Amino acid sequence: MAHPDHLAQSDTQSNRGAKYAPGESRGGMRERLRSIPPSQAAAVLKGQANTAELPADPRLLAASGYAAATERLKVRRATPDTLEGLLLIAEMDAARLPAVVGDLDARHTLDPWLASVSDADLAQQALPLLRVLEHARKQGREPLRERAIRALELRGEDPDERLGTYDRTRDVRTHYSEELAEQKPDGTWTTNTYSADKAYSLGITRDEVVVSVRIRLHPDVAAGDPEALKARWRDGITAVWNGKYKVTNGRKKLPLRFRPLFIPAPEPRASHQEVRIIPGPSRSNETRWDTEDQGRTTAAHEFGHMVGARDEYSMPMKDEKDQVVASYDETDSIMSGDYGRVQPRHLEEIRRDLNRMRSPKEPEFRVEPL
Amino acid sequence: MNDTEAGWKRLADGTATCSELQGRYRDGNGLEGWTTVEFTNARVTVRRTSRGPEETWDGTLAEVECRHLARSVLDGRLWEVRSQRTTGVPDETRPSIQFGLGGEAGFTVQVWANEIDSLPQFAAVQKVILGITARVSNGKVRF
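Going down the list, the sequences are from chains A and B. The opening position of the first sequence corresponds to residue 5 in this note's numbering, with each subsequent residue numbered one higher. The opening position of the second sequence corresponds to residue 50 in this note's numbering, with each subsequent residue numbered one higher.
Source of the hints: derived by calculation from the structure; they are not laboratory data. On a predicted model such as this, the values are computed, not experimentally measured, just so you know. Beta carbons are placed, not taken as given, at the ideal position from N, Cα and C, and that holds for glycine. There may be inaccurate statements among the hints.
[Said to hold, decoys possible] Facing chain A, a subset of chain B residues (Cβ under 10 Å, in silico):
hint : residue
1    : Arg73
2    : Gly79
3    : Leu80
4    : Ser99
5    : Glu141
6    : Ala162
7    : Arg191
8    : Phe192
Take these sequences, add in the hints, and give me the full structure.
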């Protein structure tokens, strides 16, 4: 998305007259927007209107696109009410508008336009996501809350950090190594050693324990569409890792939420992991993901390493002389080649780190299926 | 010029026959399977294993491919390439190239996959081998 300053400049240069009628106040403009018939307004916001037949403001909206239009309003210091009032026009019966504009916590003020807005709009910061998140949380509306969380996560932002809902946080970074067996062409066995950093942030909220991994992506030239890859990998990782386990200590039962936060390479925000995107198909590993990697398999497996889970394929079997004589794989394991499920043993490092965060009299946490 | 260099120069300039080349390229791991490419008697055998049954393709090593391969080995002095690391990152493969000429033992070079960008000599030979692999396997094996 273009920077607001750029939008403000183009506004001044070419579209100034399109927004306000001569001598029109902001309130007057809002009234005029509210007078647009809902059917026409919906088409405008979805970019489907025949702009030649519309008055000046909708033409501006249609020409600029939804996200740019809302940015223009922000640049003009429009209040959130103005933005949301504008959005409401798309779905609301004109007769109901006066009752709902300004009543932003009402269920029907946010959901209709969230339902009509694309994920791309959400990802482009076109909506006041934190307000949506608070609203959904207050009303216990899980699907809406998850949508807003997803949109924030795809921007590399931690929703709980932004909302200040963490009671306690802890940054973890520990080096580990593992040994895997390899059979050579002559039939003999050898081992290779692999090492990595387990690195993540642990956060405890009133409702859950969040394991966030900030992953900085370095795309190779022409290595696919980073936004589409981020969405595919984020959705795959969360589908495999989330909603499966909780931690409990007799007093609290907190679901474990895993949060991969992809940060574009030029951004200076601190990261836990660096990943290079390479053109696929290719061979991936923890620090090089290829453009054909799927979220539920390769990305979910590599994410496992980032939170401290070890490989569970080609594990060495040794004889009494400590010589490798064969190898074996676990089954039904995301850390094995069958890309199965997350198992409690994969969460052992997290459980240990979590217990280091306990207050002195708090009992130890253990991991249980959700 | 040592014996290794002289041998590869003969293969590259066509004074040695391609049937003198023996070699094996191998890459993979237990997560995503293995690719093995063997060069024997001017023939190429490609094997791919993953979770299913092994798949095999067999074909002739074309003269032009043979000379190109020899030239890339010679230009990069592949036999001198050394890995700079003793450990990998999780799931990083460790591709190896083993070549011999006319029955001589030859050499083996093995590097970590993430090192290849900084080892253009290895990358060049790997690219030629994978090009041959893709042709012989009708495009089924590309890495």
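Tested hints:
1. Arg73: holds (7 Å)
2. Gly79: holds (3 Å)
3. Leu80: holds (5 Å)
4. Ser99: Result: holds, 8 Å to nearest chain A Cβ.
5. Glu141: holds (4 Å)
6. Ala162: Result: holds, 6 Å to nearest chain A Cβ.
7. Arg191: holds (6 Å)
8. Phe192: Constraint on B/Phe192 satisfied, holds at 5 Å.
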